[in-house]
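Asks: Going down the list, the sequences are from chains H and X. In case it helps, the numbering used here puts the first sequence at residues 1 to 316. In case it helps, the numbering used here puts the second sequence at residues 317 to 619.
You may find that some hints are simply not true.
Here are the computed lysine-lysine pairs in the DSBU-like style, where the Cα-Cα straight-line distance is at most 35 Å [said to hold, decoys possible]: (1) K535/X - K311/H; (2) K535/X - K31/H; (3) K391/X - K439/X; (4) K505/X - K31/H; (5) K505/X - K439/X; (6) K31/H - K439/X; (7) K505/X - K438/X; (8) K438/X - K311/H; (9) K439/X - K311/H; (10) K439/X - K535/X; (11) K391/X - K311/H; (12) K31/H - K391/X; (13) K535/X - K438/X.
No lab work stands behind these hints: they were computed from the structure.
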Amino acid sequence: MTTAPTKPARSLTRAPDTGQAPARRKLRNSKQLLAIWLFLVPAAVLGLYFKFIPMVEGIRLSFFKVQPFLGDVFVGLDNYVSVLTDSRFMEALGHTVVLGVTQTLGALVVGFALALLLEGQARSLWILRTTIFLPVVTALAVVGEIWRILYFPTADGPLNSILGWLGLGPMQFLNGTDTALWSIAVVGIWSGAPYNMVIILAGLTGVDRSLYESAGVDGASIWQRLRYITLPALRPSLVIVLTLAAIRSLRSFTEVYVLTGGGPAGSTEVWMTRMYSLGFQRNDIGVASAAAVLLLVVTLLLTVGTQLLGKRKAAR
Amino acid sequence: MTQTISRPKARAAKPSAGARFDTALGWSPRLGPNMVLRILLCVLVFCIFALPFVAIISGAFDRNSSPTDISLLPKSFTLRNFEAATQQGLWGYLLNSLVVAGGGLLLQMTVSVFAAYSLSRKKFRGQALVLLLVLLTMMLPEEIIGIPLSLVLGDLPLLGISLRGSVLAVILPVGIWGFSIFIMSEFMKEIPGEIEEAARLDGVGEFRMLFTIILPLCKPALGVIGIFGFMMVWDQYLLPLIAANDPSNYTLTVALSVLRNDTTVGPGVLLAGALMAMIPSLLVYLFLQRSMIRGITSGATKG
């Protein structure tokens, strides 16, 4: 409840009505004010209990060596030092960034290709667009389980048998230390690309058709048309969405946890799975909290940075 | 129907200019090598994005002892997978999921509508701070605050009760979602103030104002926060995982990892579970598809 400012506002800045007796208006105003705060109470209580108290608690724990029954011991920045010097955390950071960048860019490129292919008014295209959107609506855990089966690593596994028809050798996919991370990235692209397709399709409808026509008259190639007409029209709507997606990928957990759980041999360990196993399986809550705080700070800085850049661009 | 994804009104005024200029790549509507190529690519795309789902359905009703047995058409129809999944508690998990999704979504939408009403239709001191705090909640998803959240769920501060093992441990935390509050208040801001003033002169109170005047005008936004909220709740993984006391509290999505370990019947059991976990999202998507597309294209970000 205290998420609201402690000093209750005493008057409304602007009452919508004029020409009424001041006393009545005052009464109305204070009633309205009460209503305002009443409407905010549910959000404030839930936010306090399930967002802000955990946040503060997490920050506090990150400075303590947490020991059940023995009492917590203040250790200053020790937990942060152990996160930043832990080689497995640093490896996880690398995997997280590689995975995030690959998934975000891959989903952009594939989404763009899908949009170009499926742009149009025909009903058949509409049905196809609706169908290929399924991976986006399906829960990530379900997507992960589907792909675990598709990736079955024997030569007669579903995906491997398709590769076999094409004359490609059976792959280990999630079981190989070299292929596991890329296999996860493919799943991310598969479930993210149709989402981008929809954004890009909306952008494509905004492109002035007469530009295509004049480009056609001028004998521009398809590539030139894409490069000089289509892309510039799409850029503004895409940049922010993509940056936010990349930032969000820093905390991707479900797909990695379902697909590999961080294995084999830690080759797909990302920040979140490392944090999870430290905090929940090894009960090293202090260090895990420090890792969470670092993730929060990075996320906050990147998000605020993106928004500011976006605003400055929009203002220009 | 087509306007759900691309709006015809944005088309060039003269169709006689040739459909060749209707698309960025200039697909020709006439039968030719161009058209054949496009159809082939469409088939390929369909295979990549849709066939895995066909395989799930087929595998769920098929006898299979290993993932290598899965094919696009069931070789022998059987309900054995569902029987085995039932023994593993499939319907209990599904019930957990449905209760969590229903309750969570209802709570989330109510909270969002209330908060959005006071943030968008009123001006008050401290509004900027409240907005900032709402923004901050968006930076605090379950992943980031998972560890302290699990402690809080086990022992609510001040109240001293434990929510763990109850559906409330998932329903209450998903009730606050900044994204939904923002979508709603952006939409409410667009409603002209005259409507409200007129009603106020008639002596309409705040609750009636919200429910009989403002909300009916917000149907499109309700659709958007409805489908995005459903997907957000249905997609929860870490939260039900840390909120559970034992596996019987799991929601279906989390419980898939339990079904996965069935070694006696095979992967069909998992696929039966995956199918049940897909059906509700599929139905919601088909009914609210328009809202979904609207939400995405209006610059809404996922999550």
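Asks: Is K31/H close enough to K391/X, meaning Cα to Cα at most 35 Å?
Replies: Since the Cα atoms of K31/H and K391/X sit roughly 69 Å apart, the hinted pair is violated (cutoff 35 Å).
Asks: Given the proposed pairing of K31/H with K439/X, does the C-alpha separation stay at or below 35 Å?
Replies: Since the Cα atoms of K31/H and K439/X sit roughly 14 Å apart, the hinted pair holds (cutoff 35 Å).
Asks: For the pair we were handed, K535/X and K438/X, check the Cα-Cα distance against 35 Å.
Replies: holds (20 Å)
Asks: Sort out whether K535/X lies within 35 Å of K439/X, counting only the CA atoms.
Replies: Given that 35 Å is the threshold and the Cα spacing comes to 23 Å, the pair holds.
Asks: Can you confirm whether the C-alpha distance between K535/X and K311/H stays at or below 35 Å?
Replies: This hinted pair holds, its Cα atoms lying about 29 Å apart.
Asks: Taking 35 Å as the top limit, are the C-alpha atoms of K505/X and K31/H close enough?
Replies: With a Cα-Cα distance of about 21 Å, the restraint between K505/X and K31/H holds, given a limit of 35 Å.
Asks: Holds or violated: K391/X and K439/X, Cα atoms, limit 35 Å.
Replies: Given that 35 Å is the threshold and the Cα spacing comes to 65 Å, the pair is violated.
Asks: Hey, K535/X versus K31/H, does the alpha-carbon distance stay inside 35 Å?
Replies: Holds: K535/X and K31/H sit about 27 Å apart, inside 35 Å.
Asks: Is it true that the CA of K505/X sits at most 35 Å from the CA of K439/X?
Replies: holds (12 Å)
Asks: Is the Cα-Cα distance between K505/X and K438/X 35 Å or less?
Replies: OK: K505/X and K438/X at ~10 Å, within 35 Å.
Asks: Within a Cα-Cα threshold of 35 Å, do K391/X and K311/H meet the stated pairing?
Replies: violated (58 Å)
Asks: Regarding the pair K438/X and K311/H, is the alpha-carbon distance no greater than 35 Å?
Replies: It holds: about 25 Å lies between the C-alpha atoms, which stays within 35 Å.
The structure shown violates the earlier hints numbered 3, 11 and 12.
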